[in-house]
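J.: Working from the sequences, and respecting the hints, build out all of it.
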Amino acid sequence: MEKLFPTMEVGSLSKAPFITRDKTRAVKEAKEWGERLQVENWTRLTEALNAENSLTAKELQDWASLYGIRFFESAGLDVIYDGEQRRKEMYEYPVNFIEGFEFRGIVKVWDSEFYRKAAVVAKPRLREPYHLDEFLFVKKHARRAIKIPITGAYTLADWSFDEYYVRNIGATNDPRSARRDAKHEFVLELARGVIRPNVQKLIEAGAEYIQLDEPAAAAKPDEADIFVESFNESIKGLNAVFVVHICYTNYAWLFPHLLDLRAEIVSISCSNADTRELGVDDAKRPGFRVLSIFREQGAEFKIAPGVVDVHTDFIEPPELVRDRLLYSARALGDDEKVVACNDCGLRTRGWGVAYEKQLSLTRGAAMARETV
Amino acid sequence: MEVKAYLTGQFAKSEQLIKAYRDRVKGKISEQTLDEILRKHVREVVEVQYASGLTYVSDGMLNWHDLFRPIVEGIGGIEVNGLARWFDNNFFYKKPITIGELHFKRSITDGYIFSEYVKHGKLKAILPDPFTIASMSENQYYKRFEDMLFSYAEILAEHAVNVEELGVAQIQLSSPYMAFTRLSGDEVEMASEAVREIRKRTRAELLFHTFYGPASNVIPHALDFPVDVVGVDMTLSKPREITDYSITKPLCLGVLDGRNSMIEDVQALVKLCKRIADDAGLRLLHVAPNCEFEMLPYEIALRKTRLLGELSKALGEVE
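These protein sequence lines are chains A and B, in that order. Numbering-wise, my numbering comes out as the position in the first sequence, counting from 1, plus 62. Numbering-wise, my numbering comes out as the position in the second sequence, counting from 1, plus 1.
It cannot be assumed that every hint is accurate.
Stated by the list, open to error - Part of the chain A face toward chain B, derived, beta carbon under 8 angstroms:
#1 V169
#2 K170
#3 W172
What the hints assert, rightly or not - So these bits of chain B aren't anywhere near chain A, every CB distance computed over 10 angstroms:
#4 K95
#5 F146
#6 E147
Hint data in this document are derived by calculation from the structure and do not stem from the laboratory. From the three backbone atoms N, C-alpha and C, an ideal C-beta is built for every residue, glycine too.
T.: Below, the structure written as structure tokens:
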């Protein structure tokens, strides 16, 4: 990523539109997107979809992954993946590959959104590497640089119950400190015993860009140091470009500890708190003012501010993307520190909207380059 | 030792009830079918509290999407916007936004309290404390925070009157904000005066329950609040954060962890409660979960409810 404002996807897309029980619609979507994205041999997919039961679930996933890869490539992004077409969520799947966890049941996140939550009951250990087959498929078919996302240690721990590390808390006179110590140990053992060996396997398989997803990183203001230490432990001794994605939070809570983070790029959300007006002054770019904190604190890593809001169908005009990037460059005081990115994964948007948004991302980044 | 025991927030939802809510959103089941499944679970949650011998019984608040939503739905001059994190949890609420003069429109007794399943004089109701809901709202209308705060307080007082008419014995004002955030002296004063608006309107036992933070953020100043009982989160507090002070009113010790699935050891909790009661000179002790059980799986919430009953019984046998 040597050019200014390189473009990078950040995670999930919604499932490929031909993944539907409606056969007619599946064929139509496979054809339309196959042509639009210039997916090689797409007619084989439509033929198979037309025939009864001729595709296995694995084959269908392979096609979805291929379409996901071509989706980002066709939109012109510099660093891509497959939109996590084989994944359903980011917690339960990795936990299934870790010894020392037991699922306890369904818990609420908000309204009618729930997830299956596990408890750590023994020291966690990687049972077998995960995301490896998925990565190898993407690597085989991608024509651009690829970045594989993987849930980070802090988030896995924060989203789990703890029935192991806190087992002696009953006897303490200082439960707050004891809980913090327990969390610290839990997160670090996940980083060392699960995330690092898994990342190592991915690197051995050829991964060059690895993104640790840490949506929980700033949930607990007094644990920012634990998150940073766990990230650094997760990648210790490993050689790749490491990215961390942290979204929809108060980034100020992470400082000053974030300065010790050994990531090359920190991907954050900005656009969902921004206006849709063009311009590079503070009043037009409230969502990006947070970048001044990174500069004031002296952060050395690159920042990938979300210049595309993934929670709305509004298609950002390229000029708006351009202005958001130019404002970001000015706020950080260095054009080379800015990577053009989405706020988060595009999973909640349909492919049509998501694709237009990605076209705007790449066109806006090109306009920003020309302006600079 | 004299002991009172009760739950302190929304109960967990069973997988069946979760599915029913999701099916309703997708239009797969009718409102009536959802209501039948909801009421079946209300009865089950009430029953486990009776069977555990709890002093007060909650209906479980199973149709409250978050602590604020039923309140907000009954207020004019307000709307809800996007999701916001519920303190430091992997749990989100819809943020109230004040866009006009707040005014009471509809009571939570209209669809959000299932008093018919609990005997008169046994029911407990839970409301947000005014300072918490005001602080967790976005103010787009009032010039001063305290104007919004007291508007909320008046509305919450109206709800308190309404639930008292249903035979509620205890009203809990949930104040996670006060435990999570250390308030300034002026803020504490404002929070207390806002609670006074509710105190003026109800004679039910009033519990000011704080959680998600240490007792040191709460004690001693909350002891001066115009309430009958002050609740603290013992999963995050040192005993001496309580016992270092002269305790002038009953305390509710939130000793069962509503945020973790680990099942507590009853004898260890008895020891902790007895030590605090002895050191603080308390002859009456309230025991409870530190917070809602909504972040636990249903079966674990049921187990912890039974455990609370065991704890209450064991403490009752202590001299």
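J.: Now tell me, hint by hint, if it's right for this structure.
T.: So, going through the hints one by one against the coordinates:
1. V169: holds, 6 angstroms
2. K170: holds, 6 angstroms
3. W172: Because about 4 angstroms separates W172(A) from the closest Cβ in chain B, which is inside the 8 angstroms limit, the hint holds.
4. K95: violated, 8 angstroms
5. F146: holds, 19 angstroms
6. E147: Given a closest Cβ separation of 24 angstroms, the condition holds.
Of the numbered hints listed earlier, the single one contradicted by the structure is hint 4.
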